[in-house]
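Chains as they are written, first to last, in the numbering used here: chain S, 1 to 210; chain Y, 1 to 210; chain B, 1 to 210; chain R, 1 to 210.
Any given hint might turn out to be false.
You can't tell identical chains apart in this list, so a pair holds if it fits in one copy or across any two.
Within a straight-line C-alpha distance of at most 20 Å, the following computed EDC-like cross-link-like pairs (lysine to aspartate or glutamate) qualify [to be verified]:
#, residue 1, residue 2
1, 5, 114
2, 194, 128
3, 121, 141
4, 200, 173
5, 169, 182
6, 7, 189
7, 118, 128
8, 7, 128
9, 139, 182
10, 118, 141
11, 169, 59
12, 205, 48
13, 58, 93
14, 58, 204
Please keep in mind that the hints were generated in silico from the structure rather than gathered at the bench.
Protein chains: 4
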Amino acid sequence: MPQNKIKVLDNGYVALVDCMGMDKAVIEAARRCYMSEPQGEDAAAAADAKLVRHLILKDHGTPFEHAYFRFDVKCPIFVARQWIRHRIGTYNEMSLRYCLAKRDYYTPSSLTGEALEKYKKSVNEAFDTYETLVASGIKREQARGVLPLSLYTLYYWTVNARSLMNFLKLRLDKAAQAEIREYAEALLEIFKEKMPVTAKAFEEKMKPKE
Amino acid sequence: MPQNKIKVLDNGYVALVDCMGMDKAVIEAARRCYMSEPQGEDAAAAADAKLVRHLILKDHGTPFEHAYFRFDVKCPIFVARQWIRHRIGTYNEMSLRYCLAKRDYYTPSSLTGEALEKYKKSVNEAFDTYETLVASGIKREQARGVLPLSLYTLYYWTVNARSLMNFLKLRLDKAAQAEIREYAEALLEIFKEKMPVTAKAFEEKMKPKE
Amino acid sequence: MPQNKIKVLDNGYVALVDCMGMDKAVIEAARRCYMSEPQGEDAAAAADAKLVRHLILKDHGTPFEHAYFRFDVKCPIFVARQWIRHRIGTYNEMSLRYCLAKRDYYTPSSLTGEALEKYKKSVNEAFDTYETLVASGIKREQARGVLPLSLYTLYYWTVNARSLMNFLKLRLDKAAQAEIREYAEALLEIFKEKMPVTAKAFEEKMKPKE
Amino acid sequence: MPQNKIKVLDNGYVALVDCMGMDKAVIEAARRCYMSEPQGEDAAAAADAKLVRHLILKDHGTPFEHAYFRFDVKCPIFVARQWIRHRIGTYNEMSLRYCLAKRDYYTPSSLTGEALEKYKKSVNEAFDTYETLVASGIKREQARGVLPLSLYTLYYWTVNARSLMNFLKLRLDKAAQAEIREYAEALLEIFKEKMPVTAKAFEEKMKPKE
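Start from the sequences and build out the full structure, keeping to the hints where you can.
This is the structure we're talking about:
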């Protein structure tokens, strides 16, 4: 059922589950301010694109809050911790108080040879310990103290186009960590497909001036 | 195109333009926490209703933020001023800086006889003055200083089910002003049609204990 | 008790009631990220100013959310309606459901001669009608329907430095209505006195490039 | 300089750094609505307490948003992940992209004997691996993938009294995890000292009906 499921990192993904409004809602909201109506179909499309470009350039953000996305996300915990700093949006995440953690973790592709071996050994021993502790009757919520930050987690994320563009601006930036940048690229792809007019104006604005 | 347009007061309305997720998104979000899946179709419907009732009773609000509505609203300015106090949501309103105000205002049905006459006379003279001032070259944004609080305004309102339920709780209350209560009742009607499971649990909770 | 009360328009004001954190909290919050400590007092002041400039330039907004202001504001209703669109902040406003409106309204200084007379006459007749309706037993909350948008209202506004800078950016802009621009200028004055380091960096960024 | 530093868990703490407004701001904000003034000092104190109790009982939340706290917090990452779900508030946290993690982690006091040994061994091996990886040139932001969820982190948290009470309501509840409950108790202690009138009304409402 999820549309546009995109694989990210070694075992994560981003999938679009729902969306609402898109470019149309942005344009309707912006036109409400002036109570204006475009004439003719071709003229309308050109006028709409121009209006959206103007909103993006002038940082008029509210019209973009009428377009909503719901994503299904699977990412490592350390990525989730960066993600959730974006407070304008809704998260429902699987809970390690109630669910038993699976041995499903992220390994950076940059690790090779001895470093890779050490990384995997350490993480696997952490899972071994977790499983032993849980089996011996320690609560899941406490046993998880040994689990690694590379553990994959899952959540639904509902976000409007304004907050999404803010996420993309910060997380596509070369200063962002490579891992979350990969998620941002997957989100950008879905954004471009679903809101082509807005995404085009957004990308024009983001493009570094030469 | 707007579905479910409902007339409110003498000349206002509420109309549903868009929606996303509804009961299904709430249930999926809540289940994500436990990574649980219901078995069998009938069992599922009963289990879903029970889950939603539990969320409502325990005030677990986030799952309801995955369901979104976009409404088109026409209401008097004094109602809009109460409405916009609800900050979790998006508003795009027609602007009296750019649009010329129409002689379209609210008259309380409780007014009769002399009171009604005085009310209408006062409001109409305000519009007369406004029109004269604008015609004489005064800016619309300044001439509006004479316009009455009963003037109708128009906006799009995008809101999630959690924030909508908070609005309904406060604005269906007998302590709320009668005018906004009428809008709340129109919104409740749409809410019940679109999110029957959630609305049922909400109404059960709201019902005064006997 | 309110510090820094500044008169605005013909009969409005802005006054600082409370503040918290200011430049110091911003710097502490930003340094927390790196767990860094400055050395030596002069070096520290220079390093702090550089850090704040960097945050402003790069749009790193969260550290500025640790600095808070509480303002007492008196402004015309049509200005309050623009103001309250800024949703990140808290408003508590006098209510015309419970309070009797005073004959206290804004008159644009640009109005002269006949236009001024018409404006005042219209507004005063509206107050006359309001008072008659209330005296005859009509509820205040309904009688207010005749009151003009130029009526002064009062509220407390609590806002963090990030949201305040966003307000200033939009409302000091030449595209903003002159009336709210005057309020923004009063707020800027207080902001500069209370957060000199941040305000300096903010003004540098806002200055149009030549 | 931090006032009221309270030790929590084996190596964490909560400390009040700044505060603004407190009970006084709540009362002023609530009275603004009615433009009312209390008479006489004793009468005032009793009237204020009654007003605050009324606001708490009726869930009138906005007046409490004029009172702000800034806390310095040290807690395990798995606690921070629950905490940060409270989106109405500001967080600035130390970053493991820039800072080297210290061997500073939480050990549940319920662990004893073999379980305790396994837990400590696993966590210490994770730190060993982290340090080896970093020493061999792996980026801190990637090496942290092996670090345990029990690692202590540090942040500033700025929050208003309304959002703090929501935190307390949820995190003092017996359904909350014991670890975050201990933080909630420390916060409650500070809250009671700084906002005695509000805290008293809050505790009365929270008390289970018998």
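Quick rundown of the hints versus the structure:
no.	hint	result
1	5 to 114	neither (34 Å within a copy, 44 Å between copies)
2	194 to 128	neither (43 Å within a copy, 46 Å between copies)
3	121 to 141	between (23 Å within a copy, 19 Å between copies)
4	200 to 173	within (17 Å within a copy, 27 Å between copies)
5	169 to 182	within (13 Å within a copy, 33 Å between copies)
6	7 to 189	within (12 Å within a copy, 41 Å between copies)
7	118 to 128	both (15 Å within a copy, 10 Å between copies)
8	7 to 128	neither (27 Å within a copy, 32 Å between copies)
9	139 to 182	between (34 Å within a copy, 17 Å between copies)
10	118 to 141	between (26 Å within a copy, 16 Å between copies)
11	169 to 59	both (13 Å within a copy, 11 Å between copies)
12	205 to 48	within (17 Å within a copy, 31 Å between copies)
13	58 to 93	between (35 Å within a copy, 18 Å between copies)
14	58 to 204	both (13 Å within a copy, 19 Å between copies)
When the structure is compared with the earlier hints, violations turn up for hints 1, 2, 8 and for no others.
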